[in-house]
Amino acid sequence: MTFSIPFDNSYARMPARFYTRIDPKPVAAPRLIRFNRALAADLGITPGDDDEMARAFSGNAVPEGAEPLAQAYAGHQFGGFSPQLGDGRANLLGEAVANGKRFDIQLKGSGPTPYSRMGDGRAWLGPVLREYVLSEAMHALGIPTSRALAAVTTGEPVWREQGALPGAVLTRVAASHIRVGTFQFFAARRDVEGLKALYDYTVARHYPDASDAADLLQAVVERQARLVAQWMAVGFIHGVMNTDNTTLSGETIDYGPCAFMDSYHPDTVYSSIDAHGRYAYSSQPDVIVWNMAQLATALVPLMPDAEVAVERFTRIVHAMPALIREEWLTLFRRKIGLGTAQDGDEALIGDLLTRMAENRADFTNTFRALATGGPARDQFLNPAAFDEWETAWRTRLKAEEDPQARMRAANPAFIPRNHRVEQMIAAAVEGDFAPFNRLLEVLSNPYDDQPDAADLARPPAPSEVVKQTFCGT
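Numbering of the sequence shown is given in the working numbering, commencing with residue 618 and proceeding in unit increments.
Quick caveat, the hints were computed from the structure, so don't treat them as lab data.
Beta carbons: idealized from backbone N, C-alpha and C, even for Gly.
Heads up, none of these hints are tricks.
Calculated pairs, EDC-like style, for lysine to aspartate or glutamate (alpha carbon to alpha carbon, straight line, at most 16 angstroms):
1) K1084 <-> D891
2) K642 <-> E773
3) K642 <-> E684
4) K813 <-> D832
5) K718 <-> D625
6) K1084 <-> D884
7) K718 <-> D659
8) K1015 <-> D962
9) K642 <-> D737
10) K1015 <-> D960
11) K813 <-> D829
12) K1084 <-> E1039
Computed Cβ-Cβ distance ranges for the label pairs, DEER-style:
13) R638 <-> P774: 23 to 31 angstroms
14) D1049 <-> V1083: 18 to 26 angstroms
15) R654 <-> E810: 39 to 47 angstroms
16) T989 <-> L946: 17 to 25 angstroms
17) A821 <-> A1043: 43 to 51 angstroms
18) R1055 <-> L946: 31 to 39 angstroms
19) V1083 <-> G967: 26 to 34 angstroms
20) L946 <-> P921: 33 to 41 angstroms
21) P774 <-> R807: 40 to 48 angstroms
22) V714 <-> G894: 37 to 45 angstroms
23) V1083 <-> K1015: 34 to 42 angstroms
24) G717 <-> V1083: 37 to 45 angstroms
25) E839 <-> N1054: 31 to 39 angstroms
26) G956 <-> M735: 49 to 57 angstroms
Let the sequences and hints guide you as you build the complete structure.
Now the structure itself:
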């Protein structure tokens, strides 16, 4: 059986200024850590032996039909605009076509490109394993996301502040890598022809029903509103919601210093580079609206009348906070067992969250306990704070049918907890990938009770708390 990917590379047929054609840089001694066989089967990929796949997924051997390139894009990073970013350590091999849909196959950590901006273009093992685990966990949670196809070690050191670390390459699959920043790249250059080509490509690939740029904006706003509400419902903090990390497809992408909350607090920040809390948990709805405003600005030149465009786009963006709130309320209603809507539901949910924040209640375990009938009050420093809320909640539940099933489907038992991810990385650096593989197996069924994995549902002990996460560049 010969390794193969069914490539058909439409982005490589776009104008040359959209990217730079460049092959991945070979590494010393690639070794396959893991290959996602289920995802590969969905994509029509024929596996090869481990050595063959290690060479392909490290960049040492370009698979037949691939047309490697680094994509160009711009972006707002922590509010400041950079007109020239691009894939500084990634290489788009091409697109696999399966079941009538296209999927990008991209190497991450595959060496420097013209967009590397003084970086080495490499990745070390920790961020590769973190993205593998977190992206696959998000998929299992039912949240749109890029996915991990393979991970390899390179046999070469990568130098970071900590010193020499083992190098690795991740193979990522995404509906596309078209970003808000991709549109900003052409808008910043007043390249209307390029902007129109990108618009046409995006509509054909993701939004065939869009008749103009306003339709496209509305569709992206709806997907991103839903996505961020889903993040909030599982306690996920992206950490780097720059416009170059915001996709037109509505997928979660670019897992850098991301994290899932343990104890609930709306102002939680983990990212070491988010010094001012711009991308804190509770700020994510506001940030995505801001990002969509930047997309709207980039799309204005595509409309025949700029004044009319600004008016239409403004209405769409200004309506987004209410749309996010509606999505959020629907999801959090389910988390407390509500399938119908009544006045007072939002206040009931808000009261619980306030009490959780004041009492350092674990986000995931509190909601899971509601679903299973477990002692949710034990999550609170002052259990009476839960008891006071529970009375009103029980009264409200009387109007619902089978709330437990609804809550079980909405509240995972397992998330990739930060301390377990860090322990997994530490073990892998020493050559032990058993914790990595175990995390993946357990997190593939996050809504199932798994008694043998109870330790992975436990919040961190004080000595295990992870206060900061890092992007790895």
